[in-house]
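Produce the entire structure from the sequences given, and follow the hints as far as they go.
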Amino acid sequence: MSGANRILRWAIPLAVVPVLVLLAYGFRTDPREIPSPLVGKPASPFKLTAFDGKPLSLEALRGQVVIVNFWASWCYPACYEEAPSLERAWKTYKDRGLVMVGVNYQDKDEPAKRFLTQVGHTFPNAPDPGSRVSVDYGVYGVPETYFIDRKGRVRFKRVGPVSDEMLKEQIERLLAEAA
Amino acid sequence: MSRLLALTVLATVLAVAAPAFAAGPAGGPAAVAGTVPAGAKIPVSEDTVHDVAAQLRCVVCQSLSVADSPSETAHEMKDIIRERLAAGESPEQVRAYFVEKYGNWILLSPPRQGFNLLVWVVPFAGLGLGLVLVLIVVRRWSRRPAAPQAPPLDPAMRARIRREMEREP
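Chains A and B, in that order, give the protein sequences.
Residue 74 in the numbering used here sits at position 74 of the first sequence; the count goes up by one each step and never skips.
Residue 233 in the numbering used here sits at position 54 of the second sequence; the count goes up by one each step and never skips.
Calculated from the structure, these hints are not laboratory results.
Quick reminder that beta carbons are idealized off the backbone N, C-alpha and C, glycines included.
Hints may be right or wrong, so weigh each one.
[Unchecked claim] Here are the simulated distance ranges between beta carbons:
{"#": "1", "chain 1": "B", "residue 1": "LEU243", "chain 2": "A", "residue 2": "GLU33", "range": "12 to 22 Å"}
{"#": "2", "chain 1": "B", "residue 1": "GLN292", "chain 2": "A", "residue 2": "LYS54", "range": "40 to 50 Å"}
{"#": "3", "chain 1": "B", "residue 1": "VAL301", "chain 2": "A", "residue 2": "ALA50", "range": "47 to 57 Å"}
{"#": "4", "chain 1": "B", "residue 1": "GLN292", "chain 2": "A", "residue 2": "LEU23", "range": "19 to 29 Å"}
{"#": "5", "chain 1": "A", "residue 1": "VAL21", "chain 2": "B", "residue 2": "LEU310", "range": "24 to 34 Å"}
{"#": "6", "chain 1": "A", "residue 1": "GLY120", "chain 2": "B", "residue 2": "ALA304", "range": "51 to 61 Å"}
{"#": "7", "chain 1": "A", "residue 1": "ALA24", "chain 2": "B", "residue 2": "ASN295", "range": "15 to 25 Å"}
{"#": "8", "chain 1": "B", "residue 1": "PRO222", "chain 2": "A", "residue 2": "PHE27", "range": "45 to 55 Å"}
{"#": "9", "chain 1": "A", "residue 1": "VAL21", "chain 2": "B", "residue 2": "SER244", "range": "28 to 38 Å"}
Structure (structure tokens):
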């Protein structure tokens with residue numbers, strides 16, 4: 001009887017330990033960091049019409065390293081923060097086989113165009129009517145950036161703003177690969 | 180009276196069965212999914228769209244299904260569901276499309292396999308464990324009052340108590 005009581009006296013406070021361990025683990029992980037099942041798989045083809053009226057399709061870009069960036073004019077501040085880095089990377093690597101494509105997510109034409117003028121993007125950007133392309137890429141919040149290799153496979157996905165270092169690392173890794 | 184009852188039963192059966200017949204053609208796409216050419220338009224019942232939408236997480240919401248969320252994203256996801264059903268996909272295929280793009284995260288109830296099985300098992304195991312614990316504690320409590328009764332009074336003490344009780348007015 002007293003033996004069982006002694007065990008209980010220890011067991012009750014000890015029961016807190018697994019809960020604490022679970023909380024410690026849970027609070028360290030980012031709930032928004034959801035692994036994409038698309039990494040390593042062929043990127044979904046898309047055909048869009050850019051804001052300047054030119055057609056934009058992934059099929060036409062095969063053999064090149066493609067960065068697809070999903071953004072919105074209402075996505076403040078993250079999309080505004082990463083915009084200069086994207087433009088810099090595009091200017092640095094466009095002559096070495098990099099293609100950059102911006103996809104405008106759930107936005108209106110006018111504010112989207114204002115965003116493009118404001119940040120000064122020179123790479124093609126297209127609206128995504130009905131979010132068809134966004135859902136095909138498993139986008140759940142902007143900004144999201146997908147890195148596609150020369151074989152047309154998604155190799156890396158970034159949720160949240162990209163930085164110069166991250167772009168440089170991923171682009172150089174993918175450019176170094178043979179088609 | 181029994182005739183009235185029979186009529187009521189008949190009416191109820193008809194009322195229940197009629198929508199089932201009506202839903203027949205709409206439920207059809209699931210059966211012929213593979214044979215329908217892509218892009219073909221098949222009438223899709225809103226119930227089927229709702230059923231699929233209710234299983235999917237609205238990607239921009241906190242704990243809301245695509246069916247329940249009024250957001251634009253959820254609206255567009257519903258459009259995609261409707262479009263895919265109309266093209267001849269079965270509800271399972273539409274679900275599989277979203278899982279392929281978003282992972283199991285998109286499903287509001289995690290599939291009952293692998294590590295996810297824990298989510299389904301642990302609550303019931305915890306409930307069972309708690310019940311057993313309560314049972315043990317209750318049994319112990321109900322046994323304890325019996326213990327003080329145990330030491331029997333010696334006859335001399337009993338006689339003394341009786342004497343003193345009788346002396347009371």
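(request) Go ahead and decide if the range 45 to 55 Å is satisfied by the Cβ distance of PRO222(B) to PHE27(A). (result) holds (49 Å)
(message) Is 40 to 50 Å respected by the C-beta to C-beta distance linking GLN292(B) and LYS54(A)?
(response) Once the Cβ atoms are compared, 46 Å apart, the range 40 to 50 Å for LYS54(A) and GLN292(B) holds.
(message) Range first: 51 to 61 Å. Now tell me if the beta carbons of GLY120(A) and ALA304(B) are that far apart.
(response) holds (58 Å)
(message) Taking 19 to 29 Å as the stated bounds, is the beta-carbon spacing between GLN292(B) and LEU23(A) within them?
(response) Because 26 Å falls inside the window, the suggested range holds.
(request) Indicate whether the distance between the beta carbons of VAL301(B) and ALA50(A) respects the range 47 to 57 Å. (result) holds (50 Å)
(message) Against the range 28 to 38 Å, how does the distance between the Cβ atoms of VAL21(A) and SER244(B) compare: consistent or not?
(response) holds (31 Å)
(message) Within 15 to 25 Å: is that where the Cβ-Cβ distance between ALA24(A) and ASN295(B) falls?
(response) holds (22 Å)
(request) Confirm or reject the claim that LEU243(B) and GLU33(A) have a C-beta distance inside 12 to 22 Å. (result) holds (20 Å)
(message) 24 to 34 Å was suggested as the range; check whether the CB atoms of VAL21(A) and LEU310(B) agree with it.
(response) Cβ of VAL21(A) to Cβ of LEU310(B): about 25 Å, so the range 24 to 34 Å holds.
In the structure shown, no violation is registered for any of the earlier numbered hints.
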